[in-house]
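Read in order, the letters of the sequence shown are residues 633 to 1825 in my numbering.
Careful, some of the hints might be misleading.
[Said to hold, decoys possible] Across the chosen pairs, the derived CB separations fall in these ranges: (1) Arg710 with Ala1784: 50 to 56 Å; (2) His1538 with Ser925: 42 to 48 Å; (3) Ser1361 with Leu946: 46 to 52 Å.
[Said to hold, decoys possible] Below, in silico cross-link-like pairs of lysine-lysine (DSS-like), each with a Cα-Cα straight-line distance of 30 Å or less: (4) Lys1439 with Lys1030; (5) Lys963 with Lys1449; (6) Lys1811 with Lys1561; (7) Lys796 with Lys779; (8) Lys1004 with Lys1429; (9) Lys1476 with Lys963; (10) Lys635 with Lys796; (11) Lys1449 with Lys1030; (12) Lys1634 with Lys1645; (13) Lys1004 with Lys1439; (14) Lys1439 with Lys963; (15) Lys1811 with Lys1628; (16) Lys1449 with Lys957; (17) Lys1004 with Lys1030; (18) Lys957 with Lys856; (19) Lys1476 with Lys1634; (20) Lys779 with Lys826; (21) Lys1476 with Lys1561; (22) Lys957 with Lys1004; (23) Lys1439 with Lys1429; (24) Lys826 with Lys856; (25) Lys1646 with Lys1634; (26) Lys1004 with Lys1449; (27) Lys1004 with Lys983; (28) Lys963 with Lys856; (29) Lys779 with Lys1004.
The hints are simulated quantities; they were obtained by calculation from the structure and are not laboratory data. Backbone N, C-alpha and C fix where the C-beta goes; we use that ideal spot for every residue, glycine too.
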Amino acid sequence: MPKLSIVVPFYNVERYFEECLASLAAQTLNDLEVIMVDDGSPDNSVEIAREFAARDPRFRLIRQANAGLGAARNAGAREATGEFLAFVDSDDVIPQYAYAYMIESLERTGSDFASGNVHRFSEYGTRQSPMHRRIFHATVPATHIAKRDSLLVDRLATNKVWRKGFWDEHRLAFPEGVLYEDIAAVIPAHFLAKSVDVMHEPVYLWRERPGDDKSITQDRTHVKGLEDRVRAVTEVSRFLAEQGMTEGKRAWDGAALYSDLRIFLQVLDEADEEFRDRFLDLTNAFMDGMDDSVLRELPAIERLKWHLVRRRLLPELLEVLTFNKSGEMRKARAVRRGHRFYGSYPFFEDKRLGVPSDVYRLGGREMGVRQKTEAVYWEDGRLVIEGRTVIRHLRPHKRWQQRVMAWLVHPGTGRRIPVPARVTYAPEFNLPPDGEAARSDWGGYRIVVDPRRLRLSGRWRETTWNMELWVLNRWIARRVLLGKPISGAVQRPPYREVEPDVWVRPRWSPDGQIELFVGPHPATVTGHRLEGSDLALIGRAGPAAGGNATLRLTRLPGGVSYAYPLEVTGKGDSAVFAVRVPVADLRPANESDLRTGESLGPRSGDTSWRAEIVTSDGGTHELVLGEGVPEERHLIGRREVVIDRSYQGALQVQERNARPQLVAARWTDRGALRLTGRFALAAGERAELVLAARGRTEEHLFPIEPGHPDDTGMRTDFTVEFDPRRVVSLAGALPLPRGNYDLAVRVTGPDGETAETGTDGVTETACELDHAMLGTLPIELETPERTYGFADYRYDKPLIRVGPDLKPDERGAFAQKVLREEYYPHQQREPVRREILFDSYSGKQFSDSPRGMFEELRRRGSDIPAGWIVRDGQVNLPEHLPPVRHVGREYFEKLARSRYIVTNAHLPMWFRRRSGQTLVQTWHGSMLKRIGFDIEHVRFAQRDYHDRLAIEVSQWDYLVSPSPWATPILRQAFRFEGEILETGYPRNDIFFSPEKNVLTAKVRERLGLPADKKVLLYAPTWRDDKFYAHGRYKLDLRLDLERMRRVLGEEYVLLVRRHPNIVDRVPGAGNGFVYDVSVYPEIQELFLVTDVLVTDYSSLMFDFANTGRPMLFFTYDLEEYRDKLRGFYFDFESTAPGPLLTTSDQVIESIADVDAVQEAHATAYQAFVNQFCPLDDGKAAARVVDRVFGDAG
633 MPKLSIVVPF
643 YNVERYFEEC
653 LASLAAQTLN
663 DLEVIMVDDG
673 SPDNSVEIAR
683 EFAARDPRFR
693 LIRQANAGLG
703 AARNAGAREA
713 TGEFLAFVDS
723 DDVIPQYAYA
733 YMIESLERTG
743 SDFASGNVHR
753 FSEYGTRQSP
763 MHRRIFHATV
773 PATHIAKRDS
783 LLVDRLATNK
793 VWRKGFWDEH
803 RLAFPEGVLY
813 EDIAAVIPAH
823 FLAKSVDVMH
833 EPVYLWRERP
843 GDDKSITQDR
853 THVKGLEDRV
863 RAVTEVSRFL
873 AEQGMTEGKR
883 AWDGAALYSD
893 LRIFLQVLDE
903 ADEEFRDRFL
913 DLTNAFMDGM
923 DDSVLRELPA
933 IERLKWHLVR
943 RRLLPELLEV
953 LTFNKSGEMR
963 KARAVRRGHR
973 FYGSYPFFED
983 KRLGVPSDVY
993 RLGGREMGVR
1003 QKTEAVYWED
1013 GRLVIEGRTV
1023 IRHLRPHKRW
1033 QQRVMAWLVH
1043 PGTGRRIPVP
1053 ARVTYAPEFN
1063 LPPDGEAARS
1073 DWGGYRIVVD
1083 PRRLRLSGRW
1093 RETTWNMELW
1103 VLNRWIARRV
1113 LLGKPISGAV
1123 QRPPYREVEP
1133 DVWVRPRWSP
1143 DGQIELFVGP
1153 HPATVTGHRL
1163 EGSDLALIGR
1173 AGPAAGGNAT
1183 LRLTRLPGGV
1193 SYAYPLEVTG
1203 KGDSAVFAVR
1213 VPVADLRPAN
1223 ESDLRTGESL
1233 GPRSGDTSWR
1243 AEIVTSDGGT
1253 HELVLGEGVP
1263 EERHLIGRRE
1273 VVIDRSYQGA
1283 LQVQERNARP
1293 QLVAARWTDR
1303 GALRLTGRFA
1313 LAAGERAELV
1323 LAARGRTEEH
1333 LFPIEPGHPD
1343 DTGMRTDFTV
1353 EFDPRRVVSL
1363 AGALPLPRGN
1373 YDLAVRVTGP
1383 DGETAETGTD
1393 GVTETACELD
1403 HAMLGTLPIE
1413 LETPERTYGF
1423 ADYRYDKPLI
1433 RVGPDLKPDE
1443 RGAFAQKVLR
1453 EEYYPHQQRE
1463 PVRREILFDS
1473 YSGKQFSDSP
1483 RGMFEELRRR
1493 GSDIPAGWIV
1503 RDGQVNLPEH
1513 LPPVRHVGRE
1523 YFEKLARSRY
1533 IVTNAHLPMW
1543 FRRRSGQTLV
1553 QTWHGSMLKR
1563 IGFDIEHVRF
1573 AQRDYHDRLA
1583 IEVSQWDYLV
1593 SPSPWATPIL
1603 RQAFRFEGEI
1613 LETGYPRNDI
1623 FFSPEKNVLT
1633 AKVRERLGLP
1643 ADKKVLLYAP
1653 TWRDDKFYAH
1663 GRYKLDLRLD
1673 LERMRRVLGE
1683 EYVLLVRRHP
1693 NIVDRVPGAG
1703 NGFVYDVSVY
1713 PEIQELFLVT
1723 DVLVTDYSSL
1733 MFDFANTGRP
1743 MLFFTYDLEE
1753 YRDKLRGFYF
1763 DFESTAPGPL
1773 LTTSDQVIES
1783 IADVDAVQEA
1793 HATAYQAFVN
1803 QFCPLDDGKA
1813 AARVVDRVFG
1823 DAG
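Based on the provided sequences and hints, a complete structural model is requested.
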């Protein structure tokens, strides 16, 4: 009987199936069977299954007619013969260690099943699944859903290993013929289990399929999906009621409202009438069987929405949804009524609607504690802990408003000991802890712990204490376990010997909470070295000394362990030990583990081992690396054996692919950052340092200078130097933008191939810090513009921090409020100055029609002073055109006092054009998609979007129109009553410039395009419904870039320009065929070098038509985009100046035969130009300047 049975149903997954099965074959747990269930798959998946079954006897295939996922899983479970059972979806991937990791835990705890963390993965990389972050933020063995409410949303069946006996005993099975089959099986199992192991490490890689594989469960406005989801949550609720689990049912019903059903609630504003009616019917039926108290446990905004659902007040509900999705929600205040606080949400105290005030009452979720620990150190023999804390919505302006108390809490006995704590005056919670701050308050705290308080019954005992923080503010009391360390030294708190052989070691739990460990000095490694093929360790045995003691190494994660006998000499405190570990034991169990990359999961090819001494009575003693004992990386080819300390001081043993280690950092006299490091580079390999910005798609590369080769030809040391004030990219030479940057080394082998894999890709490995550096960090470079810092986080990860280009009194919400509400009005009372303020895309570019107007004025020799709004220093401006820092002090001054303001974007809502000012709105494109008042529903817009737009439009003096066709639409869409300048767009004058050919050559050179290749430009717009969050949209890339390269690469290169709102990377960029040109500042210049444009619904088509070159329209979602998302101003299908294509293959075929395509659409192309571009003649800027500036221009 195998240890584990894995059931893998499959249907139409040939694209991903082999990778899934390969990950199962590569498991470190070898004793398994894989039951592949063919659910009537019509593609080639069954052949892949047969191949695996033929070469690996652990794999077997069963076949059935198509019956759906639930039926296929049930069929596989009936065939399973293992002690344990697992389910895998056939397009996903399992990390090599996953099943050994979970089964080892189950065998240790006796729990009924184990549930592990989930990561999402795609061609863009691997990331934590957001919905699983809270569930699996720490490992918790032998827990239960009744103790841990986060498990109420642990609904997947596939991230678990089940005891087969438990599964059979309770006759667990998946419902058949419906969606969301996991819920009805998994949640009852959670309640039926005696205990469950929650595992922090990722055990399941859940694929994010490309957009063309969108499933019905991802289409939130599909009625069947709604019906099946409601059916699933109702079945669980009914099951809990039948079992008499009253508290469990209340908890589940609340979770269903807050997660399962909320998914559909949140899209009612996008759904049709049928869906809305069905939603109200089904959810009200569900709530009919629910205790009224369930709603009281929800956050107030959710309580309000469900209250309106109960009353079927759909228009009001839609208004609340708009509020909830917009910036209004983030700005909502807490309103005090007596000793209670309420959310200032729509219809609060609206007597007409009569929503009870309790619906708006804020509870613990909305008014929870925010905290961060900023310092942990010893002072005069006492442990001092400092940080900042605040209750949400209750900023402590005055000292009496907030009070803190701290308690030591013994987790075993529950004993509580108060320790001295007081509030301190500190910078506002969201501001940095040091330096000048625009605003401070009494949100700081200082706690002092006398180590003598850590004794139990007056005696020192080996134990661990937690610390609880109480925060009281204006009748509101909250308590939390103290934690949340910021990056840096506080993550490595020092430990002390407080009495002979009694040590106090502050450390951080996996939850990020502080623990105070009290005990004798642990067994300590005092030396280590490689001796032939063995790792030799020596040390002090301490209390672990004794006969038959062994060193136990346990793989983390994964459950594999080895024991090695200790040679112990001496007794008591003088006992020392020696032990040898074969390096071969430390290596991965499967050769496939040695591969690099993401496909087999995090840390592929790496092993990490927990080291403990096990005494003859079974006791375990942690091993630490002694103070002063050097850490070491023993390089063996391209792999390394690492001996170092964890942030808690414990010994870490690792065998892994070699990683770049930074050993020194300094700022040079020239202002450059110079880094020195160690890494293994073979002859002919080229290495670059990668700075990857967090939270956005941005990276910068700097060449690495390797050292001299050793006897084997490997170069094991390197240096790299760069100036963060001047980083060269397609955007020009600019300072690094504000933010945090991770560091990695990218290695490319000879001829552009990686030496290890021979593929046409590259290897990229995250950098680590030599722990000896940590005491010297951070190091900072202060400049007049901003601060640059090199620091650490999470103990050994390097980080570059770049501050904003704002001065201390301009940073933060309070400082901006002062500038907006005090400084700007004051400047408005000063005289208007004869000057021009230009803006393009809210300070993001020197481009578009404002640039065309500026250059026309300069060509004329205008003497009117001008400034250009620049956001975060990220725009290169021509000589003698000064930047105006976006939201800096001069920004408010120029908006208040400039005679002329020229923009193509929205100005801030607080701006008010005053007498003597002239505002020119050039807008930023001709209109296919609806704009302004013509959009009924704008995603993420505030409820008063149209009111705000009306106020903004009233500030405009002139609105520039690109054509006679566009003029009435602009008038209607903006309800603009002023003068429309029907001049054409100044930005398109470039196509008629006498210097066009010279500029074209310069652009090709700047982009580094091969002279013998034609240029394709793919420039899609963003999709309103493909997003991660507000302002962060997905790259919905449907083009098969690899096939394009194979078919078209001999003749073309492909430029891809992401919309600025899109945050995903362009896959394949830098491979010689694909070029990511998203940061190139001027799209019109890219048009000059483009031979064929591929776009969709972007307004770029109206500009590119001036080139006369072919356009292809990749409109795979035409009906949805036109009818659901935005709507069009004209019949695009009959008017488009090129073919409308729906598949990647059609795009490739059209490019391959582009001359014939262009000829077939020549008449439509000319008609398009005649209708939309009649004013584009190279003189639009002159016409606008003449009208706006007259003789002054």
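Quick rundown of the hints versus the structure:
no. : hint                            : in the structure
1   : Arg710 with Ala1784: 50 to 56 Å : holds (51 Å)
2   : His1538 with Ser925: 42 to 48 Å : holds (45 Å)
3   : Ser1361 with Leu946: 46 to 52 Å : holds (49 Å)
4   : Lys1439 with Lys1030            : holds (26 Å)
5   : Lys963 with Lys1449             : holds (13 Å)
6   : Lys1811 with Lys1561            : holds (27 Å)
7   : Lys796 with Lys779              : holds (24 Å)
8   : Lys1004 with Lys1429            : holds (20 Å)
9   : Lys1476 with Lys963             : holds (25 Å)
10  : Lys635 with Lys796              : holds (10 Å)
11  : Lys1449 with Lys1030            : holds (20 Å)
12  : Lys1634 with Lys1645            : holds (16 Å)
13  : Lys1004 with Lys1439            : holds (24 Å)
14  : Lys1439 with Lys963             : holds (24 Å)
15  : Lys1811 with Lys1628            : holds (15 Å)
16  : Lys1449 with Lys957             : holds (23 Å)
17  : Lys1004 with Lys1030            : holds (20 Å)
18  : Lys957 with Lys856              : holds (25 Å)
19  : Lys1476 with Lys1634            : holds (22 Å)
20  : Lys779 with Lys826              : holds (12 Å)
21  : Lys1476 with Lys1561            : holds (23 Å)
22  : Lys957 with Lys1004             : holds (28 Å)
23  : Lys1439 with Lys1429            : holds (28 Å)
24  : Lys826 with Lys856              : violated (35 Å)
25  : Lys1646 with Lys1634            : holds (16 Å)
26  : Lys1004 with Lys1449            : holds (25 Å)
27  : Lys1004 with Lys983             : violated (41 Å)
28  : Lys963 with Lys856              : violated (36 Å)
29  : Lys779 with Lys1004             : holds (26 Å)
Checked against the numbered hints given earlier, the structure breaks hints 24, 27, 28 and satisfies all the rest.
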